[in-house]
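Construct all of the structure, not just a fragment, from the sequences and the given hints.
Quick note, the sequences are listed as chains A and B, same order. Residue numbering for the first sequence follows the numbering used here, beginning at 1 and increasing consecutively. Residue numbering for the second sequence follows the numbering used here, beginning at 492 and increasing consecutively.
Please keep in mind that the hints were generated in silico from the structure rather than gathered at the bench. Since this is a predicted model, take the numbers as computed values, not measurements. Keep in mind that a hint or two might mislead.
Said to hold, decoys possible - Derived BS3-like pairs (lysine-lysine); straight-line CA-CA distance at most 25 Å:
#, chain 1, residue 1, chain 2, residue 2
1, B, K577, B, K510
2, A, K181, B, K551
3, B, K598, B, K514
4, A, K244, A, K284
5, B, K578, B, K514
6, A, K386, B, K577
7, A, K386, B, K578
8, A, K386, A, K100
9, B, K577, B, K514
10, A, K240, A, K100
11, A, K100, B, K577
12, B, K574, B, K510
13, B, K577, A, K291
14, A, K386, B, K620
15, A, K181, A, K244
16, A, K291, B, K574
17, A, K181, A, K245
18, A, K100, A, K291
19, A, K100, A, K245
20, B, K510, B, K570
21, A, K284, A, K245
Said to hold, decoys possible - Derived CB-CB ranges, DEER-like:
#, chain 1, residue 1, chain 2, residue 2, range
22, B, I630, A, Q405, 47 to 53 Å
23, B, E576, A, M50, 52 to 58 Å
24, B, K578, A, I476, 41 to 47 Å
25, B, I595, A, L468, 52 to 58 Å
26, B, V518, A, K100, 52 to 58 Å
27, A, K291, B, F517, 28 to 34 Å
28, A, I187, B, L626, 49 to 55 Å
29, A, F22, B, L562, 54 to 60 Å
30, B, Y566, A, P384, 41 to 47 Å
31, A, M50, B, L626, 37 to 43 Å
32, B, F584, A, E441, 35 to 41 Å
33, A, I368, B, R581, 42 to 48 Å
34, B, R621, A, F422, 28 to 34 Å
35, A, K100, B, E576, 20 to 26 Å
We put the CB at the ideal spot given by N, CA and C, even for glycine.
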Amino acid sequence: MDNLLLMLAPLFSSKLLLVLFFGTLFGLILGVLPGLGPTTGGALILPFTMTLDPLSAIVLLTSIYCAGTYGGAITAVLINTPGTPAAAATCLDGYPLAQKGEAGRALGMATVSSTVGGIFSVVILVFFAPILAQLAYEFGQPEYFALAIFGLTMLASIGEGSPIKNLIAGAFGILISTVGKDFMTSIDRFTFGINELTEGIGFIPVVVGLFAMSEMLTQSTLINQIFNRIALKAIKLPSKDDYKKTWKTILRSSGIGSFIGVLPAEGGTVASLIGYSEAKRFSKNPEEFGKGSIEGIAGAEAANNAATGGAMVPTLALGIPGSATTAVILTGLIIHGVRPGPDLFREQPDFLYGIFGAMLIANILFFIFGFFGAKIFARITLVPNKILWPMIFAVSVCGTYSLNQSIIDVWIMLFFGVLGFFMRRYGFSVVPVIIGLILGELVEGTLRQSLVIFDGNWLMFFTRPIALTFFILSLIALAFPLIRSRKTKKK
Amino acid sequence: MKNVQKSKRANKSLPFFFKDEFKVSFVIIFVSVVLLITTFTFDIVPPILNRGIQPATFPKALLILIIAMTLIVYYLATKNPWKIEKKLPRSFFLTVFSFVLFVIVSKTLDFFLAISALSIFVAYYWGEKRLFYLLLVGIIFPIIVFVFFETILGLRFPPGIITNIYYS
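In structure tokens:
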């Protein structure tokens with residue numbers, strides 16, 4: 001009861017409410033802009049938080065985090081470009097639905113499922129944070145390696161391509177993550193003497209290239225086609241039937257997202273991938289996935305926003321960031337003199353529950369902005385391509401450049417744009433590349449560190465129960481699409 | 492469905508080196524082999540410092556995996572040919588050309604001039620002939636983007652003809 005009252009504290013402070021309002025709006029705008037996102041936004045605003053007290057500063061950062069994660073879905077639905085990496089899975093069904101002229105329905109579902117996921121994770125946090133933090137303690141390098149492998153096997157059943165093509169694309173993504181200095185030995189790999197590549201290939205140029213630029217090239221092949229988009233339908237919101245169809249998916253993905261978010265370094269992207277994959281697995285209409293399934297949007301969006309709450313657990317309880325954005329929040333905590341760790345729960349509950357309360361309110365605020373704004377945002381799909389895409393190009397180029405202020409990043413983005421176009425043309429989904437890129441560092445890092453721990457003995461992986469469980473799950477995940485395709489053929 | 496079957500039949504009649512599945516598999520395997528050869532040029536960590544595996548081992552394993560999976564894809568495609576894709580229209584090549592133009596102009600003249608040039612070029616070739624809209628996408632919108640990133644987010648753009656005038 002005391003904790004609940006502490007959570008409601010931001011509601012009674014006009015200053016905190018103002019900070020929340022601004023943070024949510026700012027996060028939403030950043031999420032919408034391709035290339036920018038809550039991580040970049042949090043990093044940009046970090047210096048400005050020095051003028052605020054610690055609670056206001058962290059409330060500002062967490063509200064940007066929550067709203068920015070949701071905001072990524074808006075561009076994913078409207079222009080096939082995830083505003084944030086966590087919205088990559090939303091593109092798979094959000095964009096096809098928008099192309100059918102039902103952008104409002106897709107956005108409405110993304111908003112509702114994001115809000116439910118976000119609120120669910122905050123409630124979970126309040127009641128289960130100490131237990132979840134304890135569970136995360138059980139994960140060592142071998143367990144993380146097994147978890148990352150499990151995440152990668154999900155690629156076989158995701159995307160519109162064949163399972164084997166998805167795995168090739170995923171392996172290519174992991175290969176991209178090896179570019180630059182080797183993290184253990186500092187030896188250059190695939191840098192070809194280019195200094196800018198020693199730091200590796202950034203995530204943003206690849207994402208913006210593969211999604212936004214490749215879509216621009218796809219649109220360039222369709223300029224003579226006439227699309228019959230019905231203006232009124234584009235702003236129509238989800239129906240009661242849509243909610244009846246998706247409530248189980250939303251709840252399941254909220255649970256998945258909260259759990260995945262707790263695991264350090266996993267974050268919303270993996271959560272949305274698994275949430276989407278599970279939604280497809282449990283769906284009565286899996287064949288609709290990738291063609292504009294409302295369940296696909298709900299599964300991905302509920303999971304990635306649920307991960308925001310989950311990711312705060314290791315950040316606050318262990319001082320280990322659960323995602324890139326929580327790493328920025330962790331920096332904010334440290335520069336404001338707050339020492340994250342298990343003691344924080346005992347010594348500063350008012351501060352901690354104030355943050356949880358702020359996250360709860362931020363979720364409600366972005367619901368209001370998002371749900372009522374969906375009709376306005378959906379109108380973007382009605383702007384002619386010949387005007388829309390040059391504008392998207394300008395924003396994408398500047399967003400990509402803004403990350404490292406490097407023109408090389410912009411060229412990499414354009415290269416991946418052309419590559420992404422040909423990948424899609426020949427049936428290779430671009431989503432596995434992104435997932436491979438995200439998990440690549442984790443896979444290689446945890447594998448090599450585990451081998452150091454095991455003194456090079458590979459068999460030791462199978463002596464760890466949690467790791468073994470994930471390996472078995474990986475085998476099941478790999479076998480599942482093959483069994484399903486055989487069943488479909490038999491039918 | 493009929494069209495797909497028709498295009499698949501048409502694909503079957505082509506010599507193997509003209510088929511998309513061969514061309515795509517060849518490009519993937521060729522690039523992978525080149526990268527695999529590159530991995531042999533990576534520095535080798537002396538045994539005393541090497542804990543676990545060599546830095547080249549992981550990329551080598553990945554590239555071998557990619558080559559193996561591509562061979563499987565090609566083998567499967569010989570059983571079930573891919574459908575023939577339509578020829579790419581002129582507008583596609585013009586858009587790719589505009590990317591090249593962007594790289595050249597941003598490198599030699601100015602970043603924002605490059606954005607303006609690409610925006611006007613693409614909008615025009617995609618069918619926008621009205622002057623106001625060309626100005627909107629080519630000049631007004633890039634200025635708004637510049638102001639947002641430069642003033643609000645405090646980003647400094649690379650030097651060039653226009654940005655130098657602004658910064659001076």
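Results for each hint:
{"no.": "1", "hint": "B:K577 x B:K510", "result": "13 Å, holds"}
{"no.": "2", "hint": "A:K181 x B:K551", "result": "16 Å, holds"}
{"no.": "3", "hint": "B:K598 x B:K514", "result": "33 Å, violated"}
{"no.": "4", "hint": "A:K244 x A:K284", "result": "13 Å, holds"}
{"no.": "5", "hint": "B:K578 x B:K514", "result": "15 Å, holds"}
{"no.": "6", "hint": "A:K386 x B:K577", "result": "22 Å, holds"}
{"no.": "7", "hint": "A:K386 x B:K578", "result": "21 Å, holds"}
{"no.": "8", "hint": "A:K386 x A:K100", "result": "19 Å, holds"}
{"no.": "9", "hint": "B:K577 x B:K514", "result": "15 Å, holds"}
{"no.": "10", "hint": "A:K240 x A:K100", "result": "20 Å, holds"}
{"no.": "11", "hint": "A:K100 x B:K577", "result": "22 Å, holds"}
{"no.": "12", "hint": "B:K574 x B:K510", "result": "9 Å, holds"}
{"no.": "13", "hint": "B:K577 x A:K291", "result": "21 Å, holds"}
{"no.": "14", "hint": "A:K386 x B:K620", "result": "10 Å, holds"}
{"no.": "15", "hint": "A:K181 x A:K244", "result": "50 Å, violated"}
{"no.": "16", "hint": "A:K291 x B:K574", "result": "19 Å, holds"}
{"no.": "17", "hint": "A:K181 x A:K245", "result": "48 Å, violated"}
{"no.": "18", "hint": "A:K100 x A:K291", "result": "9 Å, holds"}
{"no.": "19", "hint": "A:K100 x A:K245", "result": "19 Å, holds"}
{"no.": "20", "hint": "B:K510 x B:K570", "result": "13 Å, holds"}
{"no.": "21", "hint": "A:K284 x A:K245", "result": "10 Å, holds"}
{"no.": "22", "hint": "B:I630 x A:Q405: 47 to 53 Å", "result": "24 Å, violated"}
{"no.": "23", "hint": "B:E576 x A:M50: 52 to 58 Å", "result": "55 Å, holds"}
{"no.": "24", "hint": "B:K578 x A:I476: 41 to 47 Å", "result": "43 Å, holds"}
{"no.": "25", "hint": "B:I595 x A:L468: 52 to 58 Å", "result": "55 Å, holds"}
{"no.": "26", "hint": "B:V518 x A:K100: 52 to 58 Å", "result": "33 Å, violated"}
{"no.": "27", "hint": "A:K291 x B:F517: 28 to 34 Å", "result": "31 Å, holds"}
{"no.": "28", "hint": "A:I187 x B:L626: 49 to 55 Å", "result": "51 Å, holds"}
{"no.": "29", "hint": "A:F22 x B:L562: 54 to 60 Å", "result": "55 Å, holds"}
{"no.": "30", "hint": "B:Y566 x A:P384: 41 to 47 Å", "result": "44 Å, holds"}
{"no.": "31", "hint": "A:M50 x B:L626: 37 to 43 Å", "result": "41 Å, holds"}
{"no.": "32", "hint": "B:F584 x A:E441: 35 to 41 Å", "result": "36 Å, holds"}
{"no.": "33", "hint": "A:I368 x B:R581: 42 to 48 Å", "result": "47 Å, holds"}
{"no.": "34", "hint": "B:R621 x A:F422: 28 to 34 Å", "result": "33 Å, holds"}
{"no.": "35", "hint": "A:K100 x B:E576: 20 to 26 Å", "result": "23 Å, holds"}
When held up to the earlier numbered hints, the structure conflicts with 3, 15, 17, 22 and 26 and fits the remainder.
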